[in-house]
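Visitor: Listed below are the residues making up each chain.
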Amino acid sequence: MEFNFDLNSIWFILIGVLLTGYAILDGFDLGVGSLHLFMKGDTNRRILINSIGPVWDGNEVWLVTGGGALFAAFPHVYATVFSGFYTAFMILLFVLIFRAVAIEFRSKQTMQWWRTAWDTAFSVSSILIAFLMGVAIGNIITGIPVGSDKEFAGTFLGLINPFTVMVGITTVSLFMMHGAIYLMMKTEGEVQTIVRTWTNNTIIFFVICYISTTMATLIYFPEMVQPFKTHPWLFILALLNMLAVANIPRSIHLGKEFKAFLSSAASIAALLALFAIGLYPNIVKSTIDPAYHLNIYNASSSQETLKIMFIIALIGVPFVLTYTVSIYWIFRGKVKIDSMSY
Amino acid sequence: MSVELLSRIQFAFTIAFHYIYPPLSIGLGVALVIMEGLYLKTKNPIFQQMTKFWVRIFALTFALGVATGIVMEFEFGTNWATYSRYVGDVFGSALAAEGIFAFFLESGFLAVLVFGWNKVSPRMHFFSTLMVSLGSMLSAVWIVVANSWQQTPAGYHIVGEGINARAEITDFWQMVFNPSSVERLSHTLSGAWLSGSFLILSVSAFYLLKNKHTDFAIRSFKVGLSIAIFASLFQLVTGHSSAVGVSKNQPAKLAAYEAHFDSNKVADMYLFGWVNEKNQKVNFGVSIPNFLSYLVHGDFNTPIKGLNAFKKDEIPPVNFVFQTYHLMVAIGFALIGLSLLGLFYLWRGTLFQKKWLLKIFVLSVLLPQAANQLGWFSAEVGRQPWIVQGLLRTSDALSKAVEANQVIFSLVLFSIIYALLLVLFLYLLNEKIQHGPLEADLVASEYEKQKMIFSKNQK
Chain A
29 MEFNFDLNSI WFILIGVLLT GYAILDGFDL GVGSLHLFMK GDTNRRILIN SIGPVWDGNE
89 VWLVTGGGAL FAAFPHVYAT VFSGFYTAFM ILLFVLIFRA VAIEFRSKQT MQWWRTAWDT
149 AFSVSSILIA FLMGVAIGNI ITGIPVGSDK EFAGTFLGLI NPFTVMVGIT TVSLFMMHGA
209 IYLMMKTEGE VQTIVRTWTN NTIIFFVICY ISTTMATLIY FPEMVQPFKT HPWLFILALL
269 NMLAVANIPR SIHLGKEFKA FLSSAASIAA LLALFAIGLY PNIVKSTIDP AYHLNIYNAS
329 SSQETLKIMF IIALIGVPFV LTYTVSIYWI FRGKVKIDSM SY
Chain B
14 MSVELLSRIQ FAFTIAFHYI YPPLSIGLGV ALVIMEGLYL KTKNPIFQQM TKFWVRIFAL
74 TFALGVATGI VMEFEFGTNW ATYSRYVGDV FGSALAAEGI FAFFLESGFL AVLVFGWNKV
134 SPRMHFFSTL MVSLGSMLSA VWIVVANSWQ QTPAGYHIVG EGINARAEIT DFWQMVFNPS
194 SVERLSHTLS GAWLSGSFLI LSVSAFYLLK NKHTDFAIRS FKVGLSIAIF ASLFQLVTGH
254 SSAVGVSKNQ PAKLAAYEAH FDSNKVADMY LFGWVNEKNQ KVNFGVSIPN FLSYLVHGDF
314 NTPIKGLNAF KKDEIPPVNF VFQTYHLMVA IGFALIGLSL LGLFYLWRGT LFQKKWLLKI
374 FVLSVLLPQA ANQLGWFSAE VGRQPWIVQG LLRTSDALSK AVEANQVIFS LVLFSIIYAL
434 LLVLFLYLLN EKIQHGPLEA DLVASEYEKQ KMIFSKNQK
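From first to last, the protein sequence lines are chains A and B. To get this note's numbering, take the position in the first sequence, counting from 1, and add 28. To get this note's numbering, take the position in the second sequence, counting from 1, and add 13.
Bear in mind the hints are in silico, worked out from the structure with no lab data behind them. There could be a bad hint or two in this list.
In silico lysine-lysine, DSBU-like type, Cα no more than 35 Å apart, as pairs [to be verified]: (1) Lys-136(A) with Lys-56(B); (2) Lys-367(B) with Lys-54(B); (3) Lys-68(A) with Lys-132(B).
Model, not experiment: these values are computed from the prediction.
Take the sequences, apply the hints, and build the full model.
Guide: The following block contains the structure:
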């Protein structure tokens, strides 16, 4: 399928950008959460939580805005996927709430059992969120049973199969790696020494998952790589992804943690771009009949709405980027615990 | 139970629970701007202590608002997929604007507000407080615009037929400024200011009764009271214009508010009563004769369209709407009375010795909360059976792919987790109140101290 430069495609890209922003930003704080239980000692655990303290809330806004943009630009996709994945999304909601509550409430009491319970809730919910999002992406790759009425015709258990579980685990490994690298930037001394070993281990974990998932995709869903056959230059993206991953241990070794973090962010962006290219112009593929695919044309809002939203985005996005960068700049440097900390 | 009933229960439950928190954040946000503004102006550290204390309460309400708010965004798609397909094109721009202009603003600057005391200058910190407050009100703007469009659709046309029909936008500004947007937004916002200010009044009155943190409590009380006086009186104005708007745009809803059945009659305004829908009578009712006609038309003798003018399946459940509406109005007047009473005794200089009044203020925190909930119930149930007035019925708006057992599952889980959330919220709120303002917060911030040392060295 050729790329058409129209409003529908722009919104396909913009939602991709929002979800990439979400994966890069919330990715590291979910990763920190996933690794949380491996850290021992109350002060050390507080350092971990406070490393994401001022920003995790803002990071989640990218998901809220991404979801809102999907509702607005492609209401049929939003309606079909959210009602079709009902049970899965409800579980996702519960763990999202649980995680927010765990972060807020963990350090409010000093009892050992209180903190252990919330630590566990925080870590398990972080892993589950990453996993469920991976499973959702897996289902978008495999396609789901969508009928001629644009409605989902499958079951909850039908969404879970070896391939989607594999994508789920890969997502967990990716966020763990990303979170560990983030912690390298935010910690020092003894904690950083522990985090350094995490970084090495999670890179290995991620690379193994990544290679297996890529192979499975190539074998079972060759249509995902069709665009790369017709446009060989797209291989640059795959190459960039490899280089970015390879650059992570190198930067860490050289003590350039911020560069390592940028590389990790770049590899997330490259992965999602590869995924989006494989999908375009479809958004939800029907396993019943290719004619029922929801694509950027038959599932979209009117041209008028896409245009208005594009203007809103043009005005708003520079502000969003300015304050996102400012916040990270204000809270740069190693974590210090004070009276307002979690 | 049917999917429709279950989904309605779930939506009502989750939105009602969510709506405990955003009004508190909006109201407290305004108070924070005033307190920190006073600190910048007077440099009196007591205002810094106040700001820091109320920021801690604000952060708690904000966190719960976010956690329960994500649920709302998901639920449009999970439970009301047909509705989402129908309104997506119209709501799209409002939701996009909410996300980009409001959510990012709030959550970004919230980090500076809560964690940035020692990282930025006092002016920059005040700016962040201002932006958080602005952001919280902007999110109210867009969500109330979207809801008002459901009450009074404008700036759209219908494309497609039958199950494929949907509303598409024709004029963005007509959609934004639909006939009920402005009055409903101002009504919602002043309701939110009331719930924030009465929380401040309640906690301050509690300290005064206990003879704790007296200076802190008196000053907080005054900030809370000034917001409460303004908001409760403003609420009378916006409430009136909302009611007049409803009489023009949603006559069935207005008729249900006042249990007015016969279109050929002039309408009374009830203070209270119990509607017998079968006999079309109001039992135990006390009313001001012809007053509704006067309020709506400015004339005591003009008849008002009654419920009998509508088809049986196009009117809301009358007694429920009547009761919620009248309770809301009654509480609104009680809040005005309470605020003015507080002002009167403050002027006389005896307010803080009046134990009985302080006790009432401690409990009064529940009143705006109740009024907000009741008001939304009467507005939303009063629109039934429509989900979008005159265009889409609630019963046609459901998700076709969702079955009753799935909704039961989520409803049970929501009940458990929200019960847990409420207990935790009250527990932590109580904890913070018992703990009180910190002595340490009276000391100037790290940044200030450094500046003082720096300027000394300069000399």
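Visitor: So, against the hints stated earlier in the document, which numbers end up violated here?
Guide: No numbers; nothing is violated.
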